Amino acid sequence: MELFWYIVLMTMLAIYVILDGYDFGAGIIHLFFAKKEKDKKAITNAIGPFWDANEVWLIASGGVLFFAFPTLYASSFSGFYLPLIIILWLLIFRAIGLELRGQIHNKIWEAIWDKAFGIASLLLALFFGVALGNVVRGVNLGNVVDGVSTHEAHYFFLPLWNPSFSPHAEELGIIDWFTLLLGIIGVVALTIHGANWIIFKTNSDINEKLKKVIFNLNIVLVVLVILSLLVWHIIEPHPFHNFIDMPWLWIFPIITFTGLFGLFKVKSFKKHGIGFLFSTLFLFGGLTSTVASIFPKVLPSTNSINPDLTLYNVAADEYGLSVGVYWFAIAVVLVAIYMVIQYKVFKGKMDNVGYGEH
Amino acid sequence: MEDMLFYDRMQFAFTITFHYLFPQLTMGLSLMIVYFKWKFLRTNTLKYNEAAKFWMKIFALNFAMGVVTGIPMEFQFGTNWAKFSELTGGIIGQTLAMEGMFSFFLESSFLGLFLFGEKLLGHKLHFVTGFLVFLGSWASGYLIIATHSWMQYPVGYEILENGKFVLNNFGALFSNPWLLPSYLHNQAASLVTSSFVVAAIGAFYLLNNKHNEFGKLFLKTGVIFGLISSLLVAFPTGDLVAKNVAKHQPVTFAAMEGIFETEDGGSEIVLIGQPNMLEKKLDNKIAVPNILSFLTYQDWNAEIKGLNEFTKDVHPTNVPGLYYAYHIMVGLGTIFIGLMLIAVVQLFRKKLYKTKWILWFLMFMIPFPYIANTTGWYTAELGRQPWLVYNLLRTADGASPTVSSGNTLFTLLGFIGLYLLLGLLFLMLAGKIINKGPQLNNH
Ligand code: HDD
Ligand code: HEM
Ligand code: HEM
Chain A
-14 MELFWYIVLM TMLAIYVILD GYDFGAGIIH LFFAKKEKDK KAITNAIGPF
36 WDANEVWLIA SGGVLFFAFP TLYASSFSGF YLPLIIILWL LIFRAIGLEL
86 RGQIHNKIWE AIWDKAFGIA SLLLALFFGV ALGNVVRGVN LGNVVDGVST
136 HEAHYFFLPL WNPSFSPHAE ELGIIDWFTL LLGIIGVVAL TIHGANWIIF
186 KTNSDINEKL KKVIFNLNIV LVVLVILSLL VWHIIEPHPF HNFIDMPWLW
236 IFPIITFTGL FGLFKVKSFK KHGIGFLFST LFLFGGLTST VASIFPKVLP
286 STNSINPDLT LYNVAADEYG LSVGVYWFAI AVVLVAIYMV IQYKVFKGKM
336 DNVGYGEH
Chain B
52 MEDMLFYDRM QFAFTITFHY LFPQLTMGLS LMIVYFKWKF LRTNTLKYNE
102 AAKFWMKIFA LNFAMGVVTG IPMEFQFGTN WAKFSELTGG IIGQTLAMEG
152 MFSFFLESSF LGLFLFGEKL LGHKLHFVTG FLVFLGSWAS GYLIIATHSW
202 MQYPVGYEIL ENGKFVLNNF GALFSNPWLL PSYLHNQAAS LVTSSFVVAA
252 IGAFYLLNNK HNEFGKLFLK TGVIFGLISS LLVAFPTGDL VAKNVAKHQP
302 VTFAAMEGIF ETEDGGSEIV LIGQPNMLEK KLDNKIAVPN ILSFLTYQDW
352 NAEIKGLNEF TKDVHPTNVP GLYYAYHIMV GLGTIFIGLM LIAVVQLFRK
402 KLYKTKWILW FLMFMIPFPY IANTTGWYTA ELGRQPWLVY NLLRTADGAS
452 PTVSSGNTLF TLLGFIGLYL LLGLLFLMLA GKIINKGPQL NNH
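The listed protein sequences derive, respectively, from chains A and B.
Under my numbering, the first residue of the first sequence is numbered -14, with each subsequent residue one higher.
Under my numbering, the first residue of the second sequence is numbered 52, with each subsequent residue one higher.
In case anyone wonders, no lab produced these hints; they're calculated from the structure.
One or more hints might be untrue.
As the list claims (entries may be wrong) - Listing some non-contacts, in silico: residues in chain A with all C-beta distances to chain B over 10 Å:
| id | residue |
| --- | --- |
| 1 | K20 |
| 2 | V133 |
| 3 | F242 |
| 4 | G247 |
| 5 | F269 |
| 6 | T287 |
As the list claims (entries may be wrong) - Facing chain A, from chain B, some residues (calculated, C-beta under 10 Å):
| id | residue |
| --- | --- |
| 7 | M116 |
| 8 | T146 |
| 9 | E319 |
| 10 | I320 |
As the list claims (entries may be wrong) - In silico DSSO-like cross-links for lysine-lysine, where the CA-CA straight-line distance does not exceed 30 Å:
| id | chain 1 | residue 1 | chain 2 | residue 2 |
| --- | --- | --- | --- | --- |
| 11 | A | K23 | A | K332 |
| 12 | A | K25 | B | K104 |
| 13 | B | K215 | B | K90 |
| 14 | A | K196 | A | K250 |
| 15 | B | K215 | B | K134 |
| 16 | B | K108 | A | K23 |
| 17 | A | K329 | B | K175 |
| 18 | B | K104 | B | K332 |
| 19 | A | K21 | B | K487 |
| 20 | B | K487 | A | K25 |
| 21 | B | K134 | A | K282 |
| 22 | A | K23 | B | K487 |
| 23 | B | K90 | B | K271 |
| 24 | B | K170 | A | K256 |
| 25 | A | K329 | A | K196 |
| 26 | A | K21 | B | K483 |
Only a predicted model underlies this, so the values are computations on that prediction, with no experimental measurement involved.
All C-beta atoms, glycine included, are put in the ideal place defined by N, C-alpha and C.
Okay, chain A solo, but in the shape it has when bound (with noise of 0.2 Å):
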């Protein structure tokens, strides 16, 4: 059971970073790349009726996590109190930034809410690459000092950094060059994603310069994955044992690289949703690979008298769980059925759909 939930949970976790991950990154183009007014409206456009349901993945997720591990929730969520919080803050002014921009037609307005969404949606992608390097980085359970534990064995509390910015230092901070790396990656992933997902829905004059764009950043992507697999071992010693113990495995990482080196073909698609289609393999490929190589840890201790949180040291009860499963069960089918109509009324392209005009 507790196993159904997790790979339930990492399902949607990941469908999460895979819609929501598409705003994002039309965030970050709309900052840096759409500079005549016509091109953010295209943007906005392609993603307007969608990101509010895209943000519910994360609610339901949260959701889930709650219910089906409630000891990790709750261990995750107070443990990583500021950064949730500040993600909550990005959150709420991209959501305001998208939704005011077009109630005044203001020259100021409108560049004041552009400039909040943009960044915003930027932050965003670096914040949700640093979370996934705490995760694998592990933390200090039970905010052990000198060899005692101060908390209960389950409860930790990061700050924001600490001054050496490693992952090896005996107070560990969330941003650290490790984590900030897998942020970065966050970020150049997000934006390639967000470029397709615009070469798609959209007739724009820039899509001819993002498939340039995405063709440099998928330059800058390899160099940086490769380097991050370079020193993954710093932080965890053995990383490739579960793919040893379990060689099926390795369907996550080919999947990864497929996305990766099928994007540098971008330039000779004929249909415009297949580029989509390889950013999200990578996206689906990476966030999978890298919870397969801690699995069954769901948050790792950093310190050798606290055990590591594990999916099944945190779940809830049996009975909680199974009845979970019929409700499940019914309201995946129902949300599969939403999201066909959905992308069924919003088919094609999105330019002329009329976003946040009142």
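Since chain A is already given, all that's left is putting chain B with the ligands on it; use the hints.
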């Protein structure tokens, strides 16, 4: 430790109070928009469609605020109330996860279609999407209140040795006797808010002599919905919730009503008075004998236990606050019924549109349903103190063990600043939409 809890509580109270300003309008207004759209389909009169479209603009803005302030709520159980989440997550996580899966997806998927899809879908399907948005928001209210009801009156659980609450009866969460009365009361109250808002904007247009046709439509719809919902809030729903409190939380009930001493031969109902916590009595009291016993138990002489019969450690932490919150809610509820009754009588005498004082009165009533709703929630929440889960888990034992008060104060200040900005923007933009008004024949 003490002040750490204080900031956690302040932050939760502040963010939830602010959040709930928006969903109450969302839930009520979605029903009224569906009504306008339905009227349009039936009568084919363009003004109903334009009315629906006008309110959709306000709705969209209001919904966006509800969403952005709702997401922090979902996170805060984990960030600020980690111990509570760890211990009860297996239970209240069920209903909260269901809310995400069943209602938020429904609402957010169809809201996009409802707002941008009129031309693509045609009117019938457009009506259906509106209806689904309404359904989603009411389902959301239901699941939230199911969560809340469990905290007031825990059912279907078992407590393990390590203090964890585990679920042993899923159905009990939904047959909780606390749930249905609370839900109906809350939904009626949200309809009060939307009716007052619609009526007030109608009055505003008439007084301004602008958009008169819509002014009349809004006013008429607003006062009719307003009268019905105000009545429903008091009876049967308010009555039922109060009986639940009297039965399951007698000490809370005594504090709400301001009853310090048990009276032989039936308790009086207090209309006015200030709780004096030093001398454990009510100052400047105006009260009517025996009414409370009758209202609660249909028996003029039924005994109602006074606060002084309970030991201090189970008293609600903030008795005066609870007492005032409750009396403000009930007082406003009475005024709402009176005002709407007069307005509806005038409507049927065909005088409402010209009775200036009622129009002014209605216009200035806009904040009061919000106040009544908020004080209603304060009644429920302050009444539950000092417990997080009534009688089982104390609030002091639910907070996050590792988050220091400095950090909580920092984020609380951040939320205050951010929400102040949100509130100002909301008022400004809603004002703009209202001032522009609905457009007839704009295509
Ligand atoms: C327009 C708003 C409004 C109005 C006019 C009233 N209420 Fe109310 N009341 C609410 C809005 C509300 C609420 C905000 O919706 C609450 C909070 C919890 C809930 O379910 O509903 C609530 C809670 C609430 C509670 C506490 C329940 C608990 O502890 O969980 C009681 C006892 C009453 N109400 C009783 C009444 C009575 C007897 C009223 C007589 C007129 C009344 N309310 C009018
Ligand atoms: C229905 C869903 C709700 C749930 C699950 C819920 C739960 C909680 C929790 C966990 C706390 C913190 C601990 C505490 O101080 O008691 C709290 C406090 C509080 N809530 Fe709620 N709440 C809900 C709805 C509301 C609403 C809609 C309002 C107001 C509009 C509200 C007003 C408050 C206030 C004022 C407090 C602080 C009370 C105090 O600290 O003395 N709540 N609630
Ligand atoms: C009386 C209490 C509450 C009611 C009736 C209520 C109802 C609603 C409704 C109808 C919405 C839809 C959007 C909107 O209205 O603007 C909403 C949004 C939201 N609420 Fe609340 N809520 C309450 C309290 C809470 C609490 C305690 C939480 C935290 C668990 C919460 C979490 C959320 C979230 C995350 C959203 C955003 C959903 C989205 O993206 O569509 N709400 N709420």
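Consistency of the hints with the structure:
1. K20: Its Cβ never comes within 10 Å of chain B, the nearest being 26 Å, so this holds.
2. V133: holds (15 Å)
3. F242: holds (33 Å)
4. G247: holds (30 Å)
5. F269: Check passes; 20 Å lies beyond 10 Å.
6. T287: holds (15 Å)
7. M116: holds (8 Å)
8. T146: holds (9 Å)
9. E319: violated (45 Å)
10. I320: violated (42 Å)
11. A:K23 x A:K332: holds (20 Å)
12. A:K25 x B:K104: Answer holds: K25 (chain A) to K104 (chain B) is near 26 Å, not above 30 Å.
13. B:K215 x B:K90: Not OK: K215 (chain B) and K90 (chain B) at ~52 Å, beyond 30 Å, violated.
14. A:K196 x A:K250: holds (10 Å)
15. B:K215 x B:K134: holds (10 Å)
16. B:K108 x A:K23: Distance of about 23 Å is within 30 Å: holds.
17. A:K329 x B:K175: Holds: K329 (chain A) and K175 (chain B) sit about 17 Å apart, inside 30 Å.
18. B:K104 x B:K332: violated (53 Å)
19. A:K21 x B:K487: holds (28 Å)
20. B:K487 x A:K25: holds (26 Å)
21. B:K134 x A:K282: holds (21 Å)
22. A:K23 x B:K487: holds (26 Å)
23. B:K90 x B:K271: Status holds; Cα separation ~14 Å.
24. B:K170 x A:K256: holds (27 Å)
25. A:K329 x A:K196: holds (26 Å)
26. A:K21 x B:K483: Holds: K21 (chain A) and K483 (chain B) sit about 27 Å apart, inside 30 Å.
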